[in-house]
Amino acid sequence: EPEVTQTPSHQVTQMGQEVILRCVPISNHLYFYWYRQILGQKVEFLVSFYNNEISEKSEIFDDQFSVERPDGSNFTLKIRSTKLEDSAMYFCASKQGEQFFGPGTRLTVL
Amino acid sequence: GEDVEQSLFLSVREGDSSVINCTYTDSSSTYLYWYKQEPGAGLQLLTYIFSNMDMKQDQRLTVLLNKKDKHLSLRIADTQTGDSAIYFCADDNNKLIFGAGTRLAVHP
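Sequence lines, in order, name chains A and B.
With the first letter of the first sequence counted as 1, position 6 gets the number 6 in the working numbering; the numbers rise by one all the way through.
Take any residue in the second sequence, note its place counting from 1, add 1000, and you have its number in the working numbering.
Hints were generated in silico from the structure; no laboratory data involved.
Every residue, glycine too, gets a C-beta built ideally from N, C-alpha and C.
A couple of the hints might just be wrong.
Stated by the list, open to error - Only pairs whose alpha carbons sit at most 25 Å apart, straight line, appear in this in silico PhoX-like list of lysine-lysine:
#1 A/K83 / A/K57
#2 B/K1068 / B/K1056
#3 B/K1067 / A/K42
#4 B/K1067 / B/K1056
#5 A/K42 / B/K1070
What the hints assert, rightly or not - Derived contacts from chain B toward chain A, CB cut-off under 8 Å, selection only:
#6 G1042
#7 Y1048
#8 N1094
#9 G1099
#10 G1101
#11 R1103
Work out the full structure, taking the sequences as your base and the hints as a guide.
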């Protein structure tokens, strides 16, 4: 069964460093998303991406964040200068009808 | 803005039915979802319902949608200890808006 994959499963970084979280969406899906879940809190929408551009972004998705689809399969989330409060689980999702989520990347900023 | 609300905690006895409730505000939803999350794990899509349906049954799971009242429920029949998890309701209008999650505890 096709699935969304994410790497790495866990990323530890120092405050101020750049991180890139990677996702491989399901191959025939056209809509891609990033969400995050701070420990113990609800899942929050960050950004949606369609036709090689951002279709919607939340207030959380400020200038420190960017997304890219560098080739036909990967979808990345870059955080330019990480802050302590960026520590969270980051989920990628893709959709053709219903949304399917990847297993998440746990980002820890020290 | 759009909002999704759920009760935070539900405790049931093994073998009983569980009913988890959710209300939402967005009237443009296309799909409504139920996801399951076990400790430290990702989001498992349990089931979903199109916004033009009233009910969907999938093995032990029954989803009821009252579009007029913007109320969604998930019934789990014959609840097992393996069903213990957090259950998130989410509404889809191009992006998902999640509720805070209902922690289901199943006891013998």
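Worksheet entry | Restraint check for B/K1067 with A/K42, where alpha carbons must lie at most 25 Å apart | holds (23 Å)
Discussion item. Does B/G1042 hold up as a contact with chain A if the rule is Cβ-Cβ below 8 Å?
Written reply: holds (4 Å)
Worksheet item: Against chain A, with CB atoms and a cut of 8 Å, does the hint on B/G1099 hold up?
Response: Holds, because the Cβ-Cβ distance from B/G1099 to chain A comes to roughly 7 Å (cut-off 8 Å).
Worksheet item: When the nearest CB of chain A is found for B/N1094, is that gap smaller than 8 Å?
Response: holds (6 Å)
Worksheet item: Minimum Cβ distance from B/R1103 to chain A below 8 Å?
Response: violated (11 Å)
Item to complete: Sort out whether A/K57 lies within 25 Å of A/K83, counting only the CA atoms.
Response: holds (19 Å)
Worksheet item: Taking 25 Å as the top limit, are the C-alpha atoms of B/K1067 and B/K1056 close enough?
Response: holds (14 Å)
Worksheet entry | Interface restraint verdict for B/G1101 against chain A (beta-carbon cut-off 8 Å) | holds (6 Å)
Practice prompt. Double-check B/Y1048 for me: the hint is only fine if its C-beta lies closer than 8 Å to a C-beta in chain A.
Written response: With Cβ-Cβ at 5 Å, under 8 Å, it holds.
Worksheet entry | Straight-line alpha-carbon gap A/K42 to B/K1070, limit 25 Å | With a Cα-Cα distance of about 20 Å, the restraint between A/K42 and B/K1070 holds, given a limit of 25 Å.
Discussion item. Between the alpha carbons of B/K1068 and B/K1056, is the straight-line distance 25 Å or under?
Written reply: The hint holds at about 17 Å.
Violation of the numbered hints given earlier is confined to hint 11; every other hint is satisfied by the structure.
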